[in-house]
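Enquirer: Sequence:
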Amino acid sequence: MALEQLKVGDVTITWLNGGVTHMDGGAMFGVVPKPLWEKKYPVNERNQIELRTDPMLLQADGKNILVEAGIGTGKFNDKQKRNFGIEHESALKENLGELGLTVDDIDTVLMTHMHFDHASGLSEYQGEELASVFRNAEIYVNETEWEELKNPNIRSKATYYEENWKPVVSQVRTYSEAVEPVEGIRLVHTGGHSDGHSILMIDRGGEKAIHMADIMPTHAHRNPLWVLAYDDYPMDSIDAKQKYIAPAIRDGAWFLFYHDYKYRALKWNEDNEVVEEVLRNGENE
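Numbering that gives the first Met the number 0 puts the sequence shown at residues 0 to 284.
Keep in mind the hints are simulated off the structure, nothing from the lab.
Some hints here could point you the wrong way.
What the hints assert, rightly or not - When the alpha-carbon atoms are kept at most 30 Å apart in a straight line, the in silico DSBU-like pairs for lysine-lysine are as follows:
1. K39 to K242
2. K6 to K39
3. K261 to K242
4. K266 to K38
5. K78 to K6
6. K78 to K266
What the hints assert, rightly or not - What follows is a set of in silico ranges between Cβ atoms, one per label pair, in the way DEER data are often shown:
7. D23 to P151: 16 to 26 Å
8. E128 to K242: 21 to 31 Å
9. K38 to K62: 33 to 43 Å
Here a beta-carbon is modelled for each residue, glycine too, at the ideal position from N, C-alpha and C.
Given only the sequences and the hints, what does the whole structure look like? Please build it.
Expert: Below, the structure is given as structure tokens:
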């Protein structure tokens with residue numbers, strides 16, 4: 000089955016299989032009562048919801064740009080796999096091969112933040128040693144995020160793993176408020192989910208797309224008030240959702256997803272109805 004793709008202007012977006020996790024539904028919807036959120040997103044008997052960790056490959060101006068890195072392979076022990084509901088790990092290398100590419104062809108990696116379910120795929124074990132996976136790439140991380148992962152607090156140290164960032168230190172490029180490594184493809188700092196969290200904005204050829212990352216990890220989180228218990232600064236998440244979602248809908252922008260079990264991308268109208276969609280077919284697992 001072919002990988003799902005979307006064209007935004009002259010940018011080709013391809014979703015790659017970065018693995019899957021299952022996280023506690025209550026934590027993923029915070030103070031929202033379960034009878035409300037379970038109508039919008041399926042939940043299993045352990046109260047877990049399926050959260051993909053599927054990177055997006057953006058191809059534009061002759062560049063191969065990866066958004067997020069997946070959970071990688073060989074990075075989790077059996078206990079972690081149980082706790083995080085990891086049913087399978089990354090098939091990113093195989094997917095790149097289907098496109099005639101290898102990890103060495105990735106020019107740029109854009110990280111919205113560095114939590115383990117986004118950053119574990121940046122490094123891999125080669126024997127007993129950890130090495131960078133995308134060794135030819137520049138890796139963009141917000142400067143606040145980068146400083147926190149090096150000195151995590153009592154809460155954040157549970158998600159910023161040294162084995163994910165130490166092997167790529169020489170490749171990391173930091174920025175303050177925004178960075179645009181390729182024209183029309185920007186990371187914009189929002190805070191909220193983490194202090195250094197950023198979103199991705201694409202504006203090419205008169206078409207737009209936005210990846211809200213973990214301040215809107217699934218389509219069920221569109222309501223600005225539906226924020227995660229995992230968010231370190233929930234009011235900042237709410238403010239960012241209020242700032243960016245409504246204008247993107249008015250502009251007819253695609254909303255892109257890394258975690259959603261159902262949608263790769265969608266467009267909403269101003270009545271919050273889905274008017275266009277790219278569905279995940281699930282056949283590449």
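Enquirer: Checked against the structure, which of the hints given earlier come out wrong?
Expert: Hints 5, 6, 8 not satisfied by this model.
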